[in-house]
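Line order of the protein sequences matches chains A and B. To convert a position in the first sequence, counted from 1, into our numbering, add 18. To convert a position in the second sequence, counted from 1, into our numbering, add 18.
Take these hints with a grain of salt, some might be off.
Claimed, not checked - Think about it this way: if two alpha-carbon atoms lie no more than 30 Å apart in a straight line, the pair counts; the simulated DSS-like pairs of lysine-lysine are:
1) A/Lys-41 - A/Lys-131
2) A/Lys-129 - B/Lys-129
3) A/Lys-22 - A/Lys-129
4) A/Lys-36 - B/Lys-211
5) B/Lys-129 - A/Lys-211
To be verified - Rough simulated footprint, nothing fancy, chain B against chain A, three-plus residues with beta-carbon under 8 Å:
6) 168-176
7) 182-188
Stated by the list, open to error - Distance windows between CB atoms, simulated:
8) A/Ile-163 - B/Glu-197: 36 to 46 Å
9) A/Glu-158 - B/Glu-216: 23 to 33 Å
10) B/Glu-66 - A/Pro-133: 29 to 39 Å
11) B/Glu-216 - A/Ser-32: 16 to 26 Å
12) B/Lys-41 - A/Asp-187: 28 to 38 Å
13) B/Ala-92 - A/Asp-104: 43 to 53 Å
14) B/Glu-218 - A/Lys-211: 27 to 37 Å
Worth flagging that the hints you see were computed from the coordinates, not collected in a lab. All values reported here derive from a predicted model rather than from experimental measurement. Yeah, the Cβ is synthetic: ideal placement off N, Cα and C, and Gly gets one too.
Next come the chains, spelled out residue by residue.
Protein chains: 2
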Amino acid sequence: MMNKGQLIVFSGPSGVGKGTVLKEFLQGRENVALSISATTRQPRPGEENGVHYYFLTKEEFLKKVEEGNMLEYAQYNQNYYGTPKDKVDEALAQGKDIVLEIEVQGALLVKEKCPNALLVFVAPPSWEELRDRLVGRGTEDAATIENRLNIARGELKQAVHYDYILVNDTVEAAAQRLEHIIEAGRCRNIEMKDFIEEVEHHA
Amino acid sequence: MMNKGQLIVFSGPSGVGKGTVLKEFLQGRENVALSISATTRQPRPGEENGVHYYFLTKEEFLKKVEEGNMLEYAQYNQNYYGTPKDKVDEALAQGKDIVLEIEVQGALLVKEKCPNALLVFVAPPSWEELRDRLVGRGTEDAATIENRLNIARGELKQAVHYDYILVNDTVEAAAQRLEHIIEAGRCRNIEMKDFIEEVEHHA
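Bound conformation, chain A alone (with noise of 0.2 Å):
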C-alpha cells in the first residue's frame, strides 16, 4: 500500500515543550517535514528565506491570500504570518507527512479546509509543571508572569478542539505517543475510504 502524507497540526501553551517533542520525533525521519510559515516581518540576522520563513512583501502576502493560497493566517504586530498552501500540497503529494506547528485559531481554519487534518494538543502533566517553567527563574516582574500565565490559561482551553491530547510527561514518551497517533491516523476511515471503495469495485 502507498502511504498518503498526513497533515499533522501541532499546538499547545508556550512553555509546554512542542519544539522539543517535534525534534525528538523528527530524529531520523526523512518521511516527515515541518512545514515553513510564510511571513511580511523582515528577517532577522542569520535567517534564512527557505529555511526559517518564507520571507514575502505584505503584496505578495497578500495577493497569495486571495488566489486562498494560505491554509491559515493572522497578524501580529503589524505583520503577517501564514502557512502557504502549495508547499503543504507539495509534500503530501510525495508522500510525506507534513507538521503545522500553529496557534489555535489557525488549526481551526486548517481543519475546516482539511477535515482530514490530525489535530494534536500538547498539553503538561499538570498546571504546577507549566506554571513552574512559565515563572521561570524569578528574574521577571510579577505583571509578565500573570500574563504568561493567563495566555496559558487560554490556550489549554482550546484543547477540546483537538482530536488528540498528548501529553508532555517526557519527551521520549510523548514522541512514542506521536508515532502512535499518527501511524493510527493513516488507518482512519476517513483516509481509507478510497482503498475501501476500490476493494468493493472488485467485488
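Guided by the hints, dock chain B onto chain A, whose structure is given.
Then chain B, alone, in the frame of chain A:
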C-alpha cells in the same frame, strides 16, 4: 498517568484473518483481554464455561438482556449470543483493554452504548485475496462459494461504520498497526477529557 482500559471492537469478513492478527497482537500482552461471549447453545465437546463461552440457559440470558447487562446480543439458529456487560466493565475498571470480536450489527450497538469504543474493521489487501481464501481448495460446490462471496461483499460494505480500517496485508504489519491504533486511542480527546479538566481546574 494511569492508563484507562479501552473497549476495542474487532470485525471483518470471514476469511480475512481477524483471529490470526489478534493472536499475534495479544502475544505477550497481559493488559489486553479477549471478551468471552455468552450463549444459550449447548457446549460442544471440549468447550469450557468461562473459557470458550459463558453457557447460559435461555432464561438466564434473557434476564441479563432485560437488566441491561448485555452490551449487544443477537440470535442465530434459535440460539442467543451476546457480550456480558459486567465482564467488560470489570476489565476496563482494572485498566485492561478488552477486545470484542463481533459482527457489524453488534459493533454498532456497542458504539451507541459506549461512544469511546474503538471500532476496527479488518479488511483484505484486495478483493482477489479474500476471494481466493473464500473459494478455498475447490472442494465446495459453486452455490456454497457464491454464498460465501455474497456474505463477504455485504460485510465489506459495513467498513464505513468503523473508526479504523486495518488492512491485513501481513499479520505482523497488521498487528503493529493495531498497536498504533490502540495506543493512539488513549490520547483521543474523548479519553483525555477528565485529564484536561483536572489540569484546568488547577490553572
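Hint check results:
Restraint check for A/Lys-41 and A/Lys-131: satisfied, since their Cα atoms lie roughly 27 Å apart, inside the 30 Å limit. For the given pair, A/Lys-129 sits about 25 Å from B/Lys-129 by alpha-carbon distance, which is consistent with the 30 Å threshold. Distance hint between A/Lys-22 and A/Lys-129 is fulfilled; the C-alpha atoms sit about 18 Å from each other, no more than 30 Å. Between A/Lys-36 and B/Lys-211 the alpha-carbon distance is near 20 Å, which keeps this suggested pair within the 30 Å criterion.
A C-alpha spacing of about 20 Å is found between B/Lys-129 and A/Lys-211, which places the hinted pair at or below 30 Å, so the restraint holds. Proximity of the region 168-176 of chain A to chain B, defined as three or more residues with a beta carbon under 8 Å from a beta carbon of that chain, is established by the 4 residues found. Chain B is given as covering the region 182-188 of chain A, and this holds because 5 residues of the stretch bring a CB closer than 8 Å to a CB of that chain, at least three being needed. Taking the beta carbon of each, A/Ile-163 and B/Glu-197 are about 42 Å apart, inside 36 to 46 Å as hinted.
Between A/Glu-158 and B/Glu-216 the CB atoms are about 27 Å apart, so this pair conforms to the stated range of 23 to 33 Å. In this structure the supplied range 29 to 39 Å is violated for B/Glu-66 paired with A/Pro-133, their Cβ-Cβ distance being about 48 Å. As the Cβ distance of B/Glu-216 to A/Ser-32 is approximately 21 Å, the hint placing it in 16 to 26 Å holds. Roughly 32 Å separates the CB atoms of B/Lys-41 and A/Asp-187, a value that falls within the hinted 28 to 38 Å.
At roughly 51 Å, the beta-carbon separation of B/Ala-92 and A/Asp-104 lies within the given 43 to 53 Å, and the hint holds. Between B/Glu-218 and A/Lys-211 the beta carbon distance is about 35 Å. The supplied range of 27 to 37 Å therefore holds.
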